[in-house]
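**Q** Working from the sequences, and respecting the hints, build out all of it.
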Amino acid sequence: ASATGCGSAHGLSARERGGGGGGGGAPRWDAHGSGPPDALHAVHSSNSFLFVGVMTAQKYLRSRAVAAHRTWAQTIPGRVEFFSSEGSDTSIPIPIVALKNVDDSYPPQKKSFMMLKYMHDHYLEKFEWFMRADDDVYVKGDRLEAFLRSLNSSAPLLLGQTGMGARDELGKLALEPGENFCMGGPGVIMSREVLRRMVPHIRQCLQEMYTTHEDVEVGRCVRRFAGVQCVWSYELSTVPLTVSMPAQAVIISKEKKRPAKSLSTPFSLHFISALSVGHRLALPAATL
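Per the UniProt record's numbering, the sequence shown starts with residue 1, numbered consecutively.
Hints in this document: simulated from the structure, not taken from any laboratory. None of these values were measured; they are calculated from a predicted model. Warning: the hint list may mix true and false statements.
[Unchecked claim] Computed cross-link-like contacts, SDA-like style, restricted to lysine to any residue with a CA-CA straight-line distance of at most 25 Å:
{"hint": "1", "residue 1": "59", "residue 2": "185"}
{"hint": "2", "residue 1": "126", "residue 2": "155"}
{"hint": "3", "residue 1": "140", "residue 2": "49"}
{"hint": "4", "residue 1": "126", "residue 2": "223"}
{"hint": "5", "residue 1": "59", "residue 2": "106"}
{"hint": "6", "residue 1": "126", "residue 2": "193"}
{"hint": "7", "residue 1": "100", "residue 2": "57"}
{"hint": "8", "residue 1": "110", "residue 2": "225"}
{"hint": "9", "residue 1": "110", "residue 2": "57"}
{"hint": "10", "residue 1": "100", "residue 2": "87"}
{"hint": "11", "residue 1": "126", "residue 2": "149"}
{"hint": "12", "residue 1": "100", "residue 2": "124"}
{"hint": "13", "residue 1": "110", "residue 2": "211"}
{"hint": "14", "residue 1": "110", "residue 2": "122"}
{"hint": "15", "residue 1": "140", "residue 2": "75"}
{"hint": "16", "residue 1": "140", "residue 2": "151"}
{"hint": "17", "residue 1": "110", "residue 2": "128"}
{"hint": "18", "residue 1": "126", "residue 2": "48"}
{"hint": "19", "residue 1": "100", "residue 2": "227"}
{"hint": "20", "residue 1": "126", "residue 2": "203"}
{"hint": "21", "residue 1": "126", "residue 2": "70"}
{"hint": "22", "residue 1": "100", "residue 2": "89"}
{"hint": "23", "residue 1": "100", "residue 2": "75"}
{"hint": "24", "residue 1": "100", "residue 2": "55"}
{"hint": "25", "residue 1": "140", "residue 2": "156"}
{"hint": "26", "residue 1": "126", "residue 2": "106"}
{"hint": "27", "residue 1": "110", "residue 2": "63"}
{"hint": "28", "residue 1": "110", "residue 2": "87"}
{"hint": "29", "residue 1": "110", "residue 2": "193"}
{"hint": "30", "residue 1": "110", "residue 2": "149"}
{"hint": "31", "residue 1": "110", "residue 2": "142"}
{"hint": "32", "residue 1": "59", "residue 2": "91"}
{"hint": "33", "residue 1": "110", "residue 2": "98"}
{"hint": "34", "residue 1": "110", "residue 2": "120"}
{"hint": "35", "residue 1": "140", "residue 2": "57"}
{"hint": "36", "residue 1": "110", "residue 2": "123"}
{"hint": "37", "residue 1": "59", "residue 2": "89"}
{"hint": "38", "residue 1": "110", "residue 2": "91"}
{"hint": "39", "residue 1": "100", "residue 2": "196"}
**A** What follows is the structure in structure tokens.
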């Protein structure tokens, strides 16, 4: 089977795709989604700005994925879809993509690359920015949008929290001096141009991996074929992204670190957890 990255998404009926008619600026429901319209995120023509692909697994679809869909996903100026393994349950009323020839094994290297290919093949010309997120992330969509709109989405940009590996891994990740990668946990954001340059070479990147770290290998592929790497010391202070930490107020600060070469202000990430928020929702047991 070819590594196309195409997945199967639970489709909508013709009535649901209609989205209430063709006039009056009504939202259009994207046919690549899953579930009834009232459970999906509407795709407005003015909001085709950011596509977020959430990496998840079958065992988390009814918990983490549902919590994310009902909380922060509703704040995203664009669309959020949840990427799981082939054969995953797409009857759950959230937008799920079951990636062909992909399982839920860890580390999720193939899943990550195939998700990026799916984004490229289905949405490249429909969104300006693309984000890879974990299923335990909480994203402040309004702050993220404000931040991204201050940047040039036509330029090749890879944004996130930079990493060079743990101390005991230094020299073992096949990174040259000065090379880095965007750590997967906090979330990785790339412009349309990065996706356009990198995705045609995904098969080669999968065949030439040097580590078992998904984020390291995605960063290597982007650096090699898009010609950019994670923006150094660039940490999105206005964007609380991921990791499993207790829900708390988001602290925003600017730290005096070495500034990015092409960007004037260094930022720092602060995190809150989607699961903590989701647990407060008292979701009906039938949906979980």
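**Q** Would you mind marking each hint as holding or not holding in the structure?
**A** Now for the hints, and whether the structure bears them out:
At roughly 19 Å between alpha-carbon atoms, residue 59 and residue 185 fall within 25 Å of each other, so this suggested pair holds. Among the hinted pairs, residue 126 with residue 155 is consistent with the structure: their alpha-carbon atoms are about 16 Å apart, no more than 25 Å. At roughly 15 Å between alpha-carbon atoms, residue 140 and residue 49 fall within 25 Å of each other, so this suggested pair holds. The suggested pairing of residue 126 with residue 223 holds, with an alpha-carbon distance near 24 Å, which does not exceed 25 Å.
At roughly 13 Å between alpha-carbon atoms, residue 59 and residue 106 fall within 25 Å of each other, so this suggested pair holds. A C-alpha spacing of about 13 Å is found between residue 126 and residue 193, which places the hinted pair at or below 25 Å, so the restraint holds. A hinted pair counts as satisfied when its Cα atoms are at most 25 Å apart, and residue 100 with residue 57 qualifies at roughly 13 Å. The suggested pairing of residue 110 with residue 225 holds, with an alpha-carbon distance near 18 Å, which does not exceed 25 Å.
A threshold of 25 Å between alpha carbons decides the hint, and for residue 110 with residue 57 the separation of about 13 Å falls inside it, so the pair holds. In summary, the hint linking residue 100 to residue 87 is supported, as the alpha carbons are separated by about 8 Å, within the 25 Å threshold. Between the alpha carbons of residue 126 and residue 149 the distance comes to roughly 16 Å, so the proposed pair stays at or under 25 Å and holds. For the given pair, residue 100 sits about 19 Å from residue 124 by alpha-carbon distance, which is consistent with the 25 Å threshold.
This hinted pair checks out: residue 110 and residue 211 have alpha carbons roughly 13 Å apart, not beyond 25 Å. Distance hint between residue 110 and residue 122 is fulfilled; the C-alpha atoms sit about 18 Å from each other, no more than 25 Å. With a C-alpha separation of about 7 Å, the suggested pair residue 140 and residue 75 falls inside the 25 Å cut-off, and the hint holds. Under the criterion of a C-alpha separation no larger than 25 Å, the hint pairing residue 140 with residue 151 is consistent with the structure, at around 17 Å.
The suggested pairing of residue 110 with residue 128 holds, with an alpha-carbon distance near 24 Å, which does not exceed 25 Å. Taking the CA atoms of residue 126 and residue 48, the gap is near 6 Å; set against the 25 Å cutoff, the hint holds. Between residue 100 and residue 227 the alpha-carbon distance is near 29 Å, which puts this suggested pair outside the 25 Å criterion. Only pairs whose Cα atoms come within 25 Å are accepted, and residue 126 paired with residue 203 is accepted, the gap being roughly 24 Å.
For the given pair, residue 126 sits about 23 Å from residue 70 by alpha-carbon distance, which is consistent with the 25 Å threshold. Using a Cα cut-off of 25 Å, the hinted pair residue 100 and residue 89 holds, with the two alpha carbons roughly 13 Å apart. For the hint pairing residue 100 with residue 75, the CA-to-CA distance comes to about 29 Å; that exceeds 25 Å, so the pair is violated. For a cut-off of 25 Å, the pair hint linking residue 100 to residue 55 stands: about 14 Å separates their Cα positions.
Under the criterion of a C-alpha separation no larger than 25 Å, the hint pairing residue 140 with residue 156 is consistent with the structure, at around 23 Å. The straight-line distance between the Cα atoms of residue 126 and residue 106 is roughly 31 Å, outside the 25 Å bound, and the hint therefore fails. For the proposed pair residue 110 and residue 63, the alpha carbon gap of about 23 Å is at most 25 Å, so the pair holds. For a cut-off of 25 Å, the pair hint linking residue 110 to residue 87 stands: about 16 Å separates their Cα positions.
Taking the CA atoms of residue 110 and residue 193, the gap is near 21 Å; set against the 25 Å cutoff, the hint holds. A hinted pair counts as satisfied when its Cα atoms are at most 25 Å apart, and residue 110 with residue 149 does not qualify at roughly 31 Å. Restraint check for residue 110 and residue 142: not satisfied, since their Cα atoms lie roughly 31 Å apart, outside the 25 Å limit. As the CA atoms of residue 59 and residue 91 are separated by approximately 14 Å, the hinted pair is consistent with the 25 Å bound.
With a C-alpha separation of about 13 Å, the suggested pairing of residue 110 with residue 98 holds against the 25 Å cut-off. A C-alpha spacing of about 15 Å is found between residue 110 and residue 120, which places the hinted pair at or below 25 Å, so the restraint holds. For the suggested pair residue 140 and residue 57, the alpha carbons sit about 23 Å apart, so the restraint of at most 25 Å is met. Taken as a hint, the residue 110 and residue 123 pair is honoured in the structure, with Cα atoms around 19 Å apart against an allowance of 25 Å.
Restraint check: the Cα-Cα separation between residue 59 and residue 89 comes to about 10 Å, which is no more than 25 Å; the hinted pair holds. For the suggested pair residue 110 and residue 91, the alpha carbons sit about 24 Å apart, so the restraint of at most 25 Å is met. Distance check on the hinted pair: residue 100 and residue 196 sit about 21 Å apart at the alpha-carbon level, within 25 Å; holds.
The structure is inconsistent with the numbered hints 19, 23, 26, 30, 31, although it conforms to all the rest.
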